[in-house]
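The listed protein sequences derive, respectively, from chains A and B. Once you know that position 98 of the first sequence is 98 in the working numbering, the rest is easy, because the numbers rise by one and skip nothing. Once you know that position 51 of the second sequence is 51 in the working numbering, the rest is easy, because the numbers rise by one and skip nothing.
Hint data in this document are derived by calculation from the structure and do not stem from the laboratory. Bear in mind that the values here come from a model prediction, so they are computed numbers and not experimental data. There could be a bad hint or two in this list.
Straight-line C-alpha distance at most 35 Å; calculated DSBU-like pairs for lysine-lysine [claimed, not checked]: (1) Lys-211(A) - Lys-42(B); (2) Lys-127(A) - Lys-17(A); (3) Lys-42(B) - Lys-17(A); (4) Lys-17(A) - Lys-5(B); (5) Lys-5(B) - Lys-5(A); (6) Lys-42(B) - Lys-42(A); (7) Lys-205(A) - Lys-42(B); (8) Lys-205(B) - Lys-205(A); (9) Lys-5(A) - Lys-17(B); (10) Lys-5(B) - Lys-17(B); (11) Lys-42(A) - Lys-17(B); (12) Lys-127(B) - Lys-42(A); (13) Lys-212(B) - Lys-5(A).
Number of protein chains: 2
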Amino acid sequence: MSSIKYFDAADFQAMEKRFRTTFFNSLSGFKSANLIGTQDTKGITNLSLVSSVVHIGANPPLMGFIMRPVSVQRDTYQNLLATGYFTINHVHEGIYAAAHQSSARYPAEISEFDAVGLNREFREAVKAPYVAESRLKIGLVFREQVNIHANETILLIGEVAEVIVSEDYVSEDGYIAIEEAGSLAISSLDGYHRTSSLGRFSYAKPDRDLKKL
Amino acid sequence: MSSIKYFDAADFQAMEKRFRTTFFNSLSGFKSANLIGTQDTKGITNLSLVSSVVHIGANPPLMGFIMRPVSVQRDTYQNLLATGYFTINHVHEGIYAAAHQSSARYPAEISEFDAVGLNREFREAVKAPYVAESRLKIGLVFREQVNIHANETILLIGEVAEVIVSEDYVSEDGYIAIEEAGSLAISSLDGYHRTSSLGRFSYAKPDRDLKKL
Chain A
1 MSSIKYFDAA
11 DFQAMEKRFR
21 TTFFNSLSGF
31 KSANLIGTQD
41 TKGITNLSLV
51 SSVVHIGANP
61 PLMGFIMRPV
71 SVQRDTYQNL
81 LATGYFTINH
91 VHEGIYAAAH
101 QSSARYPAEI
111 SEFDAVGLNR
121 EFREAVKAPY
131 VAESRLKIGL
141 VFREQVNIHA
151 NETILLIGEV
161 AEVIVSEDYV
171 SEDGYIAIEE
181 AGSLAISSLD
191 GYHRTSSLGR
201 FSYAKPDRDL
211 KKL
Chain B
1 MSSIKYFDAA
11 DFQAMEKRFR
21 TTFFNSLSGF
31 KSANLIGTQD
41 TKGITNLSLV
51 SSVVHIGANP
61 PLMGFIMRPV
71 SVQRDTYQNL
81 LATGYFTINH
91 VHEGIYAAAH
101 QSSARYPAEI
111 SEFDAVGLNR
121 EFREAVKAPY
131 VAESRLKIGL
141 VFREQVNIHA
151 NETILLIGEV
161 AEVIVSEDYV
171 SEDGYIAIEE
181 AGSLAISSLD
191 GYHRTSSLGR
201 FSYAKPDRDL
211 KKL
């Protein structure tokens, strides 16, 4: 451990564009690795790697993700609005290279499923494709678009309609062992990580010592 | 791997409240482990463990986090609005028990720094306390409150004013090696995880094979 550096606004301004993007994308900490599946009204499927999926609430069950400004073509966004559905699929080590490749900018008429070699899985309840290879799949109904004025990004929120997962990973108290399912974490734009559990802590109260569950 | 289970709305409704919360908090995948530092106008400091910090943008540099409905006392929220500042501090293995304990509901007049045994660090640019022990600290100016109507949660957004990190962790291309800094990931409400890098991938383009960086 050596020299602590204090980066300020002048340093930020001096950063080259790509450096700046990589640097600031590192700051939030580890991110979830998910593939978002959608389809257009003609049935062309789309797949997009997203590292900004965030829990919004449990009752009703809501999840969201950040989408960059829609000034350019965003298939995921257009499909989600057109059909009202999307899927979130956890990425594990067996599919992470394909998942990363899906972030390439393919034309709208090409399905990333075919381009990167992942399989579609369909269910009646959700008008969007799941990633067959994923071990934790979530089907959602689009609920709300929240506009962020500071930089014209968008928070898209869906309500969970279906969760597909092996019962082996679901604990008696509702905890899903996503590490055992092989779910990966992402750092910055392109770093992928396995995890190694340090355990779970009991619910924290002011006058009680924590226990490991 | 055995029995795949399809959970639907009827299953969700049948879930006991705590099970439901733990279950849905598992779905987003791995989350960042951060301590958010604020202070009130009298200088009483507050610390709160947050697993919903998300990257919003690099230019301007924006980060956000989800806050539950403010129908009850939320010190972090009140302080952030009153002073206009907050800090985000990565959690590593040396402080994760203290970090988890900070999620206990202490009275407003008690500082979680004292209650859980972490040290404050102050800098001129930011009217909020950093966690001295953290290895990646971010000072932010409050920019925007975004209301989520679906469940009355709030997305709070700040602009990065300062980043404090050892130069050892900052790569030539701007990537901050948060795994080397010991930053942890969280699963559901109470699971903590170390990470193990699988490497970084090159920028994905349609007609080019991925390379490991």
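Evaluated hints:
no.	hint	in the structure
1	Lys-211(A) - Lys-42(B)	34 Å, holds
2	Lys-127(A) - Lys-17(A)	38 Å, violated
3	Lys-42(B) - Lys-17(A)	40 Å, violated
4	Lys-17(A) - Lys-5(B)	45 Å, violated
5	Lys-5(B) - Lys-5(A)	49 Å, violated
6	Lys-42(B) - Lys-42(A)	60 Å, violated
7	Lys-205(A) - Lys-42(B)	25 Å, holds
8	Lys-205(B) - Lys-205(A)	49 Å, violated
9	Lys-5(A) - Lys-17(B)	45 Å, violated
10	Lys-5(B) - Lys-17(B)	20 Å, holds
11	Lys-42(A) - Lys-17(B)	40 Å, violated
12	Lys-127(B) - Lys-42(A)	53 Å, violated
13	Lys-212(B) - Lys-5(A)	28 Å, holds
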